[in-house]
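Q: So the chains spell out like this:
2 protein chains.
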Amino acid sequence: MSDRTSIPRPTIKRLSLYLREIESQEAGGAVTVSSRTLGSALGITDAQVRRDLGYFGQFGQPGIGYSVKAMIPRLKSILRIDREWNAAVVGVGNIGRALLHYPRFTAKGFNIVGAFDVEDSIIGTTVGNCRVARIEDIPRLAVELEIEFGILCVPKQVAQEVADLLVTAGVRGILNFTPQRLEVGPAIDVVSVDFSLALEQLAYQVSEEVDGG
Amino acid sequence: MSDRTSIPRPTIKRLSLYLREIESQEAGGAVTVSSRTLGSALGITDAQVRRDLGYFGQFGQPGIGYSVKAMIPRLKSILRIDREWNAAVVGVGNIGRALLHYPRFTAKGFNIVGAFDVEDSIIGTTVGNCRVARIEDIPRLAVELEIEFGILCVPKQVAQEVADLLVTAGVRGILNFTPQRLEVGPAIDVVSVDFSLALEQLAYQVSEEVDGG
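Residue numbers (our numbering), protein chains in the order written: chain A, 1 to 213; chain B, 1 to 213.
One or more of the hints may lead you astray.
Treat identical chains as interchangeable: a pair holds within one or across any two.
[Stated by the list, open to error] Below 20 Å or equal to it, Euclidean Cα-Cα: the simulated SDA-like pairs (lysine to any residue) are: (1) LYS76 x GLN205; (2) LYS13 x ALA41; (3) LYS13 x GLY57; (4) LYS69 x GLY54; (5) LYS156 x GLU21; (6) LYS76 x LEU197; (7) LYS156 x SER24; (8) LYS76 x ARG20; (9) LYS13 x ASP46; (10) LYS156 x GLY28; (11) LYS13 x ARG83; (12) LYS156 x GLU23; (13) LYS76 x ARG104; (14) LYS76 x ALA41; (15) LYS13 x GLN201; (16) LYS13 x GLY39; (17) LYS13 x SER40.
Calculated from the structure, these hints are not laboratory results.
On a predicted model such as this, the values are computed, not experimentally measured, just so you know.
If we strip away everything but chain A, and leave its shape as in the complex, we get (with noise of 0.2 Å):
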């Protein structure tokens, strides 16, 4: 607790791109990672990397870098994804299939644990890991496999109401992937995933190329 206090939301952010590129760097073989690696791969300044890793008390030494054995846990543990965390993916069209198939999720400690639509055809079938539960299920389902994590993948007209569903069953957090601004309660959190910021990045940098700068 007293770990984050006062920590700049984007350092957050920056926190899990360092924890990536430090596991990478390990796999790789490294034993220390410097400033300058971790900012030449976040495409920041080594200064604003020592800064952010800063908050967190000294890992660094000059010269040789940060430790990657001493950082990984203390990255995880800071991000609170030392534990695992129970998911579930509402709405299996296009988008809830790609991620009940995603690998990483599990490698990353997120444990997919329920799948739900409204589709007669789709219910009961096994995607990925689960098999698919009827939205009216979530009541009992997210109290029996202790799902903290609603996944919305559903229409954007319905996506209101099925956050309601999730967070009348208890989830503590939504990571929505409608264009539907949810209204939640101020105990829940909402992480929105839009593919079209990640293309906006693109279309930026691809253009800064092009005028030098």
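Assemble chain B onto chain A, guided by the hints.
A: Here is chain B on its own, set in the frame of chain A:
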């Protein structure tokens, strides 16, 4: 070009989010939007909003806010999305299929003009608005369809190989949905999408509530 000299990358990322929020405010009938509203939508301080937008000149008026009508075209111009971009989906599996049906791309000026796969059962079928072509046809169709971005949704094992093919075919950027880290020349930009990052952010936010942080 002068717009963007020495503008921090995180600021640029936030511009897309400001634009989303301002468009959403406009849809709700707003004429101006305050830095407080923008900050609150993004979970950052209003001082940070003013600093970010300050890079691009003075739009805001104290006590009145930013003009919605002025901001939208200006942000689009800075982000280089005041034009259309052509993109192709490579790999028509679950994620590829989801992206070929993703309604927001067109709305944001990204035209999905091509789809490519290796499976005979998929080639020749229509997914979204695209007839799926063979991966070997990328060089020819990239020129013919003026494909600028490749959206890479192939299995990890062939990701680099297909990325090389896209680069040779002349695309300017790759949106990478695979877990493979791509090696491309300095003239090509890559933006990677990792769904587990979004879940990590949710895990952090949810824990923050509990910790009272």
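Q: Check LYS13 against ALA41 for me: Cα-Cα at most 20 Å, and say if that holds within a copy, between copies, both or neither.
A: Both. Shortest intra-copy (14 Å) and inter-copy (16 Å) distances satisfy the 20 Å Cα cut-off.
Q: With 20 Å as the alpha-carbon cut-off, assign the pair LYS13 and GLN201 to within, between, both or neither.
A: both (16 Å within a copy, 7 Å between copies)
Q: At most 20 Å between alpha carbons: which applies to LYS13 and SER40, within, between, both or neither?
A: This pair counts as both: shortest intra-copy Cα distance 16 Å, inter-copy 17 Å.
Q: Within, between, both or neither: how does the pair LYS76, ARG20 come out at a Cα-Cα threshold of 20 Å?
A: within (11 Å within a copy, 31 Å between copies)
Q: State whether the alpha carbon distance between LYS69 and GLY54 is at most 20 Å within one copy, between copies, both, or neither.
A: This pair counts as within: shortest intra-copy Cα distance 17 Å, inter-copy 41 Å.
Q: How do LYS13 and ASP46 come out at 20 Å by Cα distance, when the copy is not named: within, between, both, or neither?
A: both (16 Å within a copy, 19 Å between copies)
Q: Measure nothing new, just compare the shortest in-copy and cross-copy C-alpha distances for LYS13 and GLY39 to 20 Å and report within, between, both or neither.
A: both (14 Å within a copy, 16 Å between copies)
Q: First find the shortest C-alpha distance between LYS13 and ARG83 inside one copy, then the shortest across copies, and answer within, between, both or neither for a cut-off of 20 Å.
A: within (18 Å within a copy, 30 Å between copies)
Q: When no copy is specified for LYS76 and LEU197, does a C-alpha distance of 20 Å or less occur within a copy, between copies, both, or neither?
A: between (26 Å within a copy, 12 Å between copies)
Q: If the cut is 20 Å between Cα atoms, do LYS156 and GLU23 qualify within a copy, between copies, both or neither?
A: between (36 Å within a copy, 18 Å between copies)
Q: Are the CA atoms of LYS76 and GLN205 at most 20 Å apart within a copy, between copies, both, or neither?
A: So LYS76 and GLN205 pass the 20 Å test across copies only (14 Å; inside, 30 Å).
Q: Between copies, within a copy, both or neither: which fits LYS13 and GLY57 at Cα up to 20 Å?
A: For LYS13 and GLY57, the Cα distance is within 20 Å only inside one copy (18 Å; across copies 28 Å).
In summary, this structure violates none of the numbered hints.
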